[in-house]
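K.L.:
Top line first, the protein sequences correspond to chains V and P. Here the first sequence is numbered in my numbering, starting from 1228 and rising by one per residue. Here the second sequence is numbered in my numbering, starting from 4 and rising by one per residue.
Take the hints with a grain of salt, since some may be wrong.
[Unchecked claim] Pair ranges (Cβ atoms, derived):
| hint | chain 1 | residue 1 | chain 2 | residue 2 | range |
| --- | --- | --- | --- | --- | --- |
| 1 | V | 1373 | P | 526 | 49 to 57 Å |
| 2 | P | 77 | V | 1373 | 57 to 65 Å |
| 3 | P | 182 | V | 1265 | 54 to 62 Å |
| 4 | V | 1294 | P | 344 | 27 to 35 Å |
| 5 | V | 1286 | P | 382 | 33 to 41 Å |
| 6 | V | 1393 | P | 206 | 31 to 39 Å |
| 7 | V | 1407 | P | 197 | 49 to 57 Å |
| 8 | V | 1373 | P | 547 | 52 to 60 Å |
| 9 | P | 134 | V | 1393 | 50 to 58 Å |
| 10 | P | 370 | V | 1430 | 25 to 33 Å |
| 11 | V | 1373 | P | 420 | 45 to 53 Å |
Worth flagging that the hints you see were computed from the coordinates, not collected in a lab. A virtual CB, placed ideally from N, CA and C, is assigned to each residue, including glycine.
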Amino acid sequence: MTLTNKSRSRKPLVALMGEFSAGKSTLANLLLGEALSPIQATATQVPPILYRHGEAAAFRTRLDGTQEPLDPGDLRSATPGTTKMITIQAEADFLRACDLVDMPGTSDPNMPADTWDSLLPEVDCVLWCTPATQAWRQSEAALWERVAQPLRDRSLLVVTRMDKILTERDRLRVLRRVQQSVDGLFLDVLPAMLLPALKAADDPQVLEETGVSALIDRLAEVIDADAAARQQTVRLVEAAAQPLTRTEPSLVQDAPESGAGQEMRVMPRRVVMDGARTQRPRHEAGGRA
Amino acid sequence: MMRDPTLARQDKRHDDMTQAAQPLDPDAPAEPGASIFDMFAGLDDLAARIDDLDDDLAGIGDGAHPAIAAAVLDLRQDLRAFEPTVTMIGQVKAGKTTLVNAMVGSPGLLPADVNPWTSVVTALHLQPDLRPSEQRSAFRFFSNEEWDRLITRGGRVGELANRAGAEDELAKVRAQLDEMRAKSRRRLGRKFEMLLGQTHEYDMMTEALIERYVCMGDDFWEDDANGVDQGRYADITRSADLWIGKPDLPVNLCIQDTPGVNDTFMIREQITINALRGAKLCVMVLSAQQALSSVDMGLIRLVSNVRSRDLVIFVNRIDELADPVREVPQIEASIRATLRKFDAPTEAEILFGSGYWAQHAIEDTLHDLGEDSAEALLDWAEAQLPDSREGLDPLETVWHLSGLPALGDAIAQRIAHGAGARLVERTCAARDNLLRSQEAGAGLAIDIKAGVPAKLPAPQDLAAWFREAETRLAADLDARIAAGHAAFLSRVDRAHRTFLDRATAALVQHLDAWGQDDIWTYDPTGLRMLLRSAYQVFVRATAEAGEAALHAAAQEISGLYRDQFGMGGRAPAILPPPLPSADPPIALGQTIALDLRGTWWTRFWRKRRGHQALCDDFARLIHEETAPIVETLRRDNAEAFAAAVRAELFGFLATQRGIVTGLADESTPPRRTERLASEARRDSLTEAQARTGT
Ligand SMILES: Nc1nc2c(ncn2[C@@H]2O[C@H](COP(=O)(O)OP(=O)(O)OP(=O)(O)O)[C@@H](O)[C@H]2O)c(=O)[nH]1
Ligand SMILES: Nc1nc2c(ncn2[C@@H]2O[C@H](COP(=O)(O)OP(=O)(O)OP(=O)(O)O)[C@@H](O)[C@H]2O)c(=O)[nH]1
Ligand SMILES: [Mg+2]
Ligand SMILES: [Mg+2]
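Sequences are here, hints too, so could you generate the full structure?
P.N.:
Put into structure tokens, the structure is as follows:
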């Protein structure tokens, strides 16, 4: 499916992907600062949900491409059998910087395996969610292998459910193992405790401890770099998307003042903190006090 | 509290806790019935029946004619050797090993971890009568050929699960295997070549020892806490066997732990799939966090040709759910809906629980559960426990809530109605025959004492009689089996052709209607059904032939007593033994290209140009894809069943020959008779084995 100009802004598109129940929607709600994506213990089975900035509204795109308004409280009436995509407009700060799409989970025997094939070319950064308790299995690795290298180089692996690994030592061991097995497949691997972060609502310290602040910072870097690259593309026709290196936080701090860059403070409402961003927790740790 | 001192002594961490519980004689099996962590009480009835049978047999053997006593010994030996097996399968990190440890009552026995860990199919032989000093372990290494076969005969879960890239997986597995070999060679040095094909045996069974063989070990983690030996031999170990004393257990039980499937290190998956071939009773462990993914469905498809009542689904890790009371019913509904939708065994029992809770109950460390797990436990307890259970011992309550007792019941029930029932039936038939033979023998003895001119056949005449009967009955049986086999093959052939005709017709129709740009798929269920029914027809025919042969053998032996022993109407009516059961056609679960709706098929389709080329290649493809399945069905199922039926006939004749020969040799002193009888039995057994090629 191609996202029409009508549903897409010019902003970078961040996609939440991963197997079902990996925590994609939980992360979406965390980023948006609002419980917009449906969350449940079993596979959710809704079409892709595209979030973009704007006055609160929702509509669905039918399989034939036509659109109709949708009750945001009743997203489930739009089933994958009838709906290509759900679009939700919200005033979330996060959406000033990018559009976000919450994809249906993979490995659900009840869902077609190829929902995202057509969307992928439009995606600028993937947050692939994998649960720490069964992290990075072959069914994920095999899918991810089919993603083009430039996109992989701009994507992050989020190891969710880190709160379910009980000791610091084991958290590190899981992270080490995952890092080792995805070497070169992602820009970075980041641990996160999404449910505790969601429960603690606006507590900045909890966001730090759960790894969510670090995740948002890292995402901001990627989006900024992407936006910068876009600007260059406008100016220099030959410029191709460059793989990012791991040490370029400057783009976040010194965001360009004009164009797409001026919207670049990628912070959900609750994460904006006065100058606290320098004290990021170490990525690997994500420990809970 | 750890109740099993035999295991606790191996477990350093529990040493202090269990010291007090140790009996004075360290080598005496602990008193049974002491533990609240029993979960196989459901086997008590079976154990009682087996005990009764054993008593019956002991009674028969007591002071019996040596020939009968020898047969009794054999039967009692069979009873003692009875060991039903349950195999734990599931995705990597579902919690299989943790559950196995809980089932054994020894957390920490087998190594479990947060990272992919179990790398070897590990069989725990739990035996009520085994003394602690008799506990032992054996670790078998792969031979080079076995390593190679691992790949060629391995499973294709990836394809069954429609996993992306499944078509290229075999090449990847091969590369991983090569790398693994190289790693082992580096790690083990020159010793490496010598180890292959060997077995390490120990007269003990400790955690430190086990750890060297059955778990992956970290190669990315330097830490004092992990022994350098952890996983030292894991890569080259093919199987591990541990013999463990378990006094509370009603009967022997073998629990098999397997490496998880869907790990990126796919060799673990191959090892498991290979091990599933012999599995009769499986527990499929799912993680509540992601119950029934497409990979789980792939695994279920693979074992679904096992009778579905022999599959138990255990949804583990419910303690990790945010709200188990609300979510467990949702998960159950979603599992059932998916099973139904995909024609999977819907009557499979679905249980919920937590190996983690079980582990903490056994260790008596409920205070260590962690906040979330403890909260989930309290909620779950409130919803699950009737008021009447209030005031129970907290450990017992948690044990109950962990789902382990329900799992034990489910397993016990299936054993009692499956393997256990078959054992009882067989032994009863054999016991009744012994009684009848014994009575006949007693009659003969009275006749002899009373001076009635007994007409005892000479040993060589009897031997000739049995040889003749065996040759004739076997030839007859073989002829009928051969006919059935031919019919089976032609039925399979017809199934092929019918399927191919229909599929090709549909293909042509599709090409006419839509052209070649639209990808066509065709459901191979029909082919499987035809093949399955061909096999079933064969099994029925073979069983009928076997039954007839055994029946004739029994009758002729009765006739032998009647005519050769001159017993007339007092001759015993010898009963034929029950037939062995046929193995389920697991091979039919294998994927063929038509199952693959994904990239493989698209690629096949896109490569072909022209209708005729498509049709030809399609026919060839179907043939190539199904030939191995049919071959396995023929070799591992049809022929194996025929061989089992044949062996039953020979075994029966051998036993009877031993008894009859013994009874006829009344004049010889008992010791000699015993030897003769057992020699006769051994001779016929060797003969039987030679014939069946086992
Ligand atoms: N404890 C814990 N639970 C989590 C975490 N992330 C997600 N969950 C839980 O996991 C379950 C599934 O989360 P979802 O966000 O719906 O997962 P999803 O990836 O969107 O799933 P689908 O939409 O079905 O593909 C929910 O019960 C969440 O509460 C985490 O980091 N920690
Ligand atoms: N919270 C929770 N943790 C569990 C449960 N069962 C197992 N675990 C933990 O999950 C991890 C994996 O358990 P294992 O028993 O090693 O899993 P496995 O299925 O044998 O894994 P492989 O052998 O690698 O396939 C360990 O850290 C266990 O302590 C459970 O019911 N609840
Ligand atoms: Mg979701
Ligand atoms: Mg394991």
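K.L.:
Taking the hints in turn, state whether each one holds.
P.N.:
Hints, one by one, checked against the model:
1. V:1373 - P:526: 49 to 57 Å: 26 Å, violated
2. P:77 - V:1373: 57 to 65 Å: 60 Å, holds
3. P:182 - V:1265: 54 to 62 Å: Taking Cβ atoms as reference, residue 182 (chain P) and residue 1265 (chain V) lie about 43 Å apart, which means the hint is violated.
4. V:1294 - P:344: 27 to 35 Å: 30 Å, holds
5. V:1286 - P:382: 33 to 41 Å: At 39 Å between Cβs, range holds.
6. V:1393 - P:206: 31 to 39 Å: Hint holds: Cβ distance 36 Å, inside 31 to 39 Å.
7. V:1407 - P:197: 49 to 57 Å: 31 Å, violated
8. V:1373 - P:547: 52 to 60 Å: The hint (52 to 60 Å, Cβ to Cβ) holds, given that residue 1373 (chain V) and residue 547 (chain P) are roughly 53 Å apart.
9. P:134 - V:1393: 50 to 58 Å: Violated, at about 37 Å.
10. P:370 - V:1430: 25 to 33 Å: Because 27 Å falls inside the window, the suggested range holds.
11. V:1373 - P:420: 45 to 53 Å: 47 Å, holds
Taken one by one, the earlier hints fail for this structure at numbers 1, 3, 7 and 9, listed in ascending order.
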